[in-house]
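A.B. asks: Generate the whole structure from the sequences, applying the supplied hints.
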Amino acid sequence: MELRLATPADAQALLAIYAHYIDTPVTFQCALPSVAEYASLIRQITAQYPFLVCQQEGQILGFAYAHRQREREAYQWNAELSIYLAPAFHSRGLGRRLYRVLLELLRLQGVQTAYGAVALPNEKSEALHLSLGFQPLGTYHRTGFKCGQWRDVRWYEKPMGDFPPDPASLRPIGALPAEEVQRQLRSF
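For the sequence shown, numbering that gives the first Met the number 0 begins at 0 and goes up steadily by one.
It should be emphasised that the hints constitute simulated quantities derived from the structure, not laboratory data.
FRET-style restraints, in silico, Cβ to Cβ:
| id | residue 1 | residue 2 | range |
| --- | --- | --- | --- |
| 1 | GLN55 | GLU122 | 21 to 31 Å |
| 2 | HIS66 | PHE187 | 19 to 29 Å |
| 3 | GLU72 | ARG141 | 24 to 34 Å |
| 4 | SER90 | GLY132 | 13 to 23 Å |
| 5 | GLY147 | HIS66 | 22 to 32 Å |
| 6 | SER90 | SER186 | 16 to 26 Å |
| 7 | CYS29 | ARG182 | 32 to 42 Å |
| 8 | HIS66 | PRO163 | 19 to 29 Å |
| 9 | PHE187 | LEU129 | 16 to 26 Å |
| 10 | PHE88 | SER186 | 16 to 26 Å |
| 11 | PRO163 | ALA15 | 38 to 48 Å |
| 12 | PHE187 | HIS140 | 35 to 45 Å |
| 13 | HIS140 | CYS29 | 17 to 27 Å |
| 14 | HIS140 | ARG182 | 37 to 47 Å |
Each residue gets a CB set at the ideal place from its N, CA and C atoms; glycine is no exception.
C.D. replies: Okay, here's the thing in C-alpha cells:
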C-alpha cells in the first residue's frame, strides 16, 4: 500500500468509492457529483489542504482530506476531516492510518484544532475519532433528512497545537517542504 496526494485526475476513481455512501446517511450529499465537479473539488481542496489517496497496485482503496471548518478568517487554524474507504477495506485499520498522516500534515501546516462530523448512528466512525484522541463536542439534533429520516450529527474535536498568542497564517499544503510531505506519506 502507498499513500500519495490526490490530483483532479483521480476524480473518477474516488467517485467510485464515494458512490457507495450516497444512499447512506454517512454523507449528507444526496446525489453523486459529476467527474468534473469532483475534479474541481479536488483542485479547490488541494490549493490549501491535504487530500490523501491510499492505493495498492494502482487500485485506490480509500481517501481522506481536510477542508476549512468555517469560512471566516479567524477560523483559518481549524480543519474538518473526511474519510471514505472502499467497502472491502473497512475495519482493517486503513482509516486510522490515513487519518494519522492527515493529522500530522495539518499540524505541520499550523492547524490548531481538527474537527470531525459523524452522522448518527455510525459506530465505526465514532470509534475511529475516539481512538485518535478526538473528543465529543456536541450533537446537532435532527439536522439533516436522509434515507427517510431526520439524522443527528455528532461533532468531534481534537486540539493539535499549542494555541500561540500570535499565530502565523495557515501554511498551504503546497508551501510545506516537499521532502517533509513525502516523509509523512511514506510513514503510512
